[in-house]
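Count the sequence shown with UniProt numbering and you get residues 1 to 160, in order.
Derived by calculation from the structure, the hints in this document are not laboratory data.
Remember, predicted model here, so these are calculated numbers, not experimental data.
Heads up, a few of these hints could be off.
Using C-beta positions, here's what the derived DEER-type ranges look like [to be verified]:
1. 25 to 66: 25 to 35 Å
2. 80 to 52: 23 to 33 Å
3. 62 to 16: 11 to 21 Å
4. 34 to 66: 16 to 26 Å
5. 95 to 64: 39 to 49 Å
6. 5 to 93: 30 to 40 Å
7. 64 to 89: 34 to 44 Å
8. 123 to 27: 38 to 48 Å
9. 116 to 49: 43 to 53 Å
10. 28 to 82: 28 to 38 Å
11. 91 to 62: 38 to 48 Å
12. 36 to 93: 37 to 47 Å
Even for Gly, the Cβ is constructed at its ideal location relative to N, Cα and C.
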Amino acid sequence: MCDTTLFEYDFRERLPALARLTGASQYHLASTCWVGGHERAAVEGEYHSSEEYLEAWHELTGTALTRDQWQQARAAAMGPMQGAIDALSRVASRGTVSLLSNNPVPFRDSLPLLAPDVSEILQGNDLTSAVLGASKPERRGVHESPEQVRGAPGERDPDR
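Can you make the complete structure from the sequences, with help from the hints?
Here's what the structure looks like:
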């Protein structure tokens, strides 16, 4: 998890930022991307790269959105929950930790920029529903995630 676990997330900040960056109205973006299903499809793994996601965005909205703009809008909507991040760091000092979040591929690609401290703690063990092709709480995504992470349950890495 990331949103509401490690970070506060406020869509009411993200949508206006996207509108400002793309020149489209908030209504247009909300109706084409969220109500229209683009974000749900992205979270469920329909787009396998940030480039595919951004191309689909352009087709649906008629606006251009760069990865940098996506990151700016996402960052505007995020605020760290420092106590939770500190707890994650303490747990990581005892073994492998991972992140499983309902997010599209651009989130995973952007994690080192959006949350460098969390990215460093996770050491690459950041999974998104888009990569797994199933969003939580769908069992398939939750059951497949340990197989994707170094140090899956039952395994120990004595060097960490």
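Does the Cβ pair residue 5, residue 93 satisfy 30 to 40 Å? 19 Å Cβ-Cβ, so the 30 to 40 Å window is violated.
With 37 to 47 Å as the target window, see if residue 36 and residue 93 comply at their CB atoms. Between residue 36 and residue 93, where Cβ atoms are some 44 Å apart, the hint holds.
Cβ distance range 43 to 53 Å for residue 116 and residue 49, holds or violated: violated, 22 Å
Go ahead and decide if the range 34 to 44 Å is satisfied by the Cβ distance of residue 64 to residue 89. 38 Å Cβ-Cβ, so the 34 to 44 Å window holds.
Pairwise beta carbon distance, residue 95 to residue 64, judged against the given window 39 to 49 Å: holds, 43 Å
In this structure, is the beta-carbon distance linking residue 34 and residue 66 contained in 16 to 26 Å? holds, 20 Å
Do the beta carbons of residue 123 and residue 27 sit within 38 to 48 Å of each other? holds, 41 Å
Is 11 to 21 Å a correct range for the gap between the Cβ atoms of residue 62 and residue 16? holds, 19 Å
Go ahead and decide if the range 38 to 48 Å is satisfied by the Cβ distance of residue 91 to residue 62. Taking Cβ atoms as reference, residue 91 and residue 62 lie about 45 Å apart, which means the hint holds.
Mind checking the hinted window 23 to 33 Å against the Cβ distance between residue 80 and residue 52? holds, 29 Å
Status of the given 25 to 35 Å range, CB of residue 66 versus CB of residue 25: violated, 19 Å
Given a hint of 28 to 38 Å, does the C-beta separation of residue 28 and residue 82 actually sit inside it? Given about 36 Å between the Cβ atoms, the range holds.
Violated hints, listed in ascending order, are 1, 6, 9; each of the other numbered hints is respected by the structure.
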